[in-house]
Amino acid sequence: DAGVIQSPRHEVTEMGQEVTLRCKPISGHNSLFWYRQTMMRGLELLIYFNNNVPIDDSGMPEDRFSAKMPNASFSTLKIQPSEPRDSAVYFCASRHRAYNEQFFGPGTRLTVL
Amino acid sequence: AQKVTQAQTEISVVEKEDVTLDCVYETRDTTYYLFWYKQPPSGELVFLIRRNSFDEQNEISGRYSWNFQKSTSSFNFTITASQVVDSAVYFCALSEETSGSRLTFGEGTQLTVNP
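Read top to bottom, the protein sequences are chains B and D. Oh and the first sequence: position 15 is 15 in the working numbering, straight run, nothing missing. Oh and the second sequence: position 69 is 69 in the working numbering, straight run, nothing missing.
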């Protein structure tokens, strides 16, 4: 059974460019989460969806960040325009409605120059 | 507000030693869930265990064991006879029933097992 899939695995871009991160949750899971990991702030939740609907986006840093989940098998996290302080590892995770544990993808390492 | 504290930033042991990673949590909810995740050098986050607040029974899985004590708000993780492959960052996390599904992570403990 495939786990959570994220792409790209690595992204290097220049300040001001648009960045789009992609996530495919585990089939049958109804909740999807975006986390960011940095040395300074550790692991923090950005936003999560239940049944494709955004439930809590209080962790989204600012208007430059946006996330969508057009269907049950795909989500995007977009940063426009990107800044060097956005450099981090971005994780996507999914959860089945019957359980509480979240399963994480391999992460996208973003570097903004 | 929910909070997780892992006071041990780094631990270094020699192979075959036992090691315990501490986790202390804060919550106002009566229903909550506790988790441990492992992050090896390759970077992925691997789910290890979930514990419900109403189930204080300790659990053992091979060389891993977990001690959940509501009286001290702790959920400690012990590795018996540690191995080099156990070297990783270990995160404790908390999810409250009233906060939906969000996970609050501790700062993590870097465990290094030396041969």
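These aren't lab readings, by the way, just hints derived from the structure by calculation. Computed from a predicted model, the values in this text were never measured in an experiment. Using N, Cα and C, we set each Cβ at its ideal position, and we do this for glycine too. Wrong hints could be hidden among the right ones.
Rough simulated footprint, nothing fancy, chain D against chain B, three-plus residues with beta-carbon under 8 Å [said to hold, decoys possible]:
(1) 18-29
(2) 74-88
For each label pair, taking beta carbons as the anchor points, the in silico distance ranges come out as [said to hold, decoys possible]:
(3) B:15 - D:74: 40 to 46 Å
(4) D:72 - B:22: 29 to 35 Å
(5) B:111 - D:67: 38 to 44 Å
Violations among the numbered hints: 1, 2 and 4
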